[in-house]
Amino acid sequence: MIAKASTQLVYVIDDDASMRQAISRLLHAIGLTVRTFGSAREFLSTRLPDLPACLVLDVRLPGLSGLDLQREMVERGIHVPVIFITGHGDIPMSVQAMKAGAVEFLTKPFRDQDLLDAVRSGIHRDREGRKERTEVAALREGLSQLTQRERQVMALVVAGLLNKQIALRLGTSEKTVKIHRSQVMRKMRADSLAELVRMSQKLGI
Amino acid sequence: MNEIDDTDLQLNHLVDDERGTARHKTSWQAQDELEQRVNERTSQLSAIKTILDSVSDNFFVLDKEGRFIYFNEHAAEQMRSLGRDPDALIGKVSWEEFPDMPNKEDVMSVLSDRVVIVDESYYAPLEEWVENRMYPSKDGGLVVFQRYITQRKRTEEELRQTQAELAHVTRVSTLGELTASIAHEVNQPLGAIVTNGHACLCLLSRNNPEVKEVREAVECMIADGIRASEVIKRIRRLLKKSKGGKSSYSINNIIREVLALTAGELNKNGVNVRTELTQGLPCVIADRVRIQQVVLNLILNSKEAMSGVGWQPRELLIRSEQAEPGVLVTVTDTGVGIPPENREQVFDPFVTSKEGGLGLGLSISRTIIESHGGRLWTTLGHKETTFQFTLPTGENL
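For the record, the sequence lines run as chains A and B.
Here the first sequence stands for residues 1 to 205, numbered as in our numbering.
Here the second sequence stands for residues 1 to 397, numbered as in our numbering.
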């Protein structure tokens, strides 16, 4: 078999060595690259490669628990989707995990298909998320290049106002508004008004 | 006084003789005195007999050859109830007449070593437990005070059984506290087994299955299966009713087994466990289940005491070491501690600081340790609470 650079990763955190190894073995058997950790701290202190990934996380861990880690990851801006596994899942716990954005909440022992489905959907979600984040980062870059005036124009354009109305609102000429508008479209790399509206929605303006 | 009187009498005789008075009078007088003394002696003996017959114990006297020489009325009555004639037994060797005598060796020891022996034995023909207090007598024989103690034995047995039941019930309820952790501990290897099983199927469904990988997975499954069954075994051993028998055990193994059972629970509560178990300690003579119950109790109490300390460190230290005499086990925690005025009260039954607690743990623990001939006590440090107990070892029994 020719070793190829992995294009996706699964992280597994479980303090129980034999469970950790078993999950790793299963994921490995279907061709996934796995990295295992014995504790949340160990995971947090590792520099993660820039690849689509998901995290299989035991709820009950010594020290920082799985739910604590999920919270910590949000605070640190670590976006890896989480699949929880637990020996004794109670409902409040699973509700908390799902509300905080977990992909899945599996109770041990789980069916392999359930784990594999969750892992696939987790990696898919991360891939989408990364795409989205790259896009948003590009939009922010464009936005940061707009002047104060151009931002005002953009806001009014996407609000559906006509150039004439905008000119009136800003106390300037329609011609000037047109110039600002074309600058906005260029800097934001928007081909149409519809696209600019979509972009502004993404940026939360 | 009597001796002086006797001398006086003798002097009188001499004086009478010297005076040449009739010998007849002297012998008449002497006979009279003799009679008087016989009467006195008889009434003395009769008083002693009355006293001995009034004693509710059976009273036997044996000579130095082990022959019966006296029975009080109760003892005679006992002989009759055994179908024997007490008068006919006088002069007969006790162990020849009663070959099934359960304490023959003790009787012989009293005769040969001239020591006091108190023994307890069950005598089947009487269907009674008897206690014999045997004292060597000055003439080389021995006297026996024998008392029926069947009722006392029965009460003791009932008490022992009740205590055993109580200990069992509290043990079961203590284990109840651990249910969640124990379930987790069984489920963990089961989860790994199932996952490894799935992995095996995946590996086997490949075109060229990697036998080595499959073998590794199967080996892990076996190890995890054993691990799960060990947990179950530990619980069953602790749930089993103690038969009260004592054997020789390593105190460190007893401690380790309880720690294995509580590891999950301690972990869940963020308790850091440290052990300092001295190697090569002599074995303790103990009822294993009971001593495990004590250790379990102390550990869970510590855990409970530390659940109220917020973010302060939760440290549990368990130490075993040689003591004079026996072994000493120390359980120290950094919990909320015990108010000094309650230091002794914690060992009283129904005293508890736990919500929903029975308050029996420490009182039963102390009973258990004391029934092993050890001691259980508590000391308060600056920031920690310590419980310690000693147990005798095979060496100093």
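No wet-lab data here; the hints were simulated from the structure.
It cannot be assumed that every hint is accurate.
[Stated by the list, open to error] Dumping the calculated SDA-like pairs for lysine to any residue here, alpha-carbon to alpha-carbon at most 20 Å: (1) B:233 to B:275; (2) B:240 to B:164; (3) B:243 to B:310; (4) B:268 to A:39; (5) B:268 to A:198; (6) B:268 to A:37; (7) B:268 to A:31; (8) B:268 to A:96; (9) B:268 to A:42.
[Stated by the list, open to error] A few chain A residues that face chain B, going by a derived Cβ cut-off under 10 Å, partial list only: (10) 22; (11) 23; (12) 30; (13) 110; (14) 160.
Note that this is a predicted model, so its numbers are computed, not measured.
The C-beta atom is built at its ideal place from N, Cα and C for all residues, glycine as well.
Violations among the numbered hints, reported as their numbers in ascending order: Hints 1, 3, 5, 7 and 14 contradicted; others consistent.
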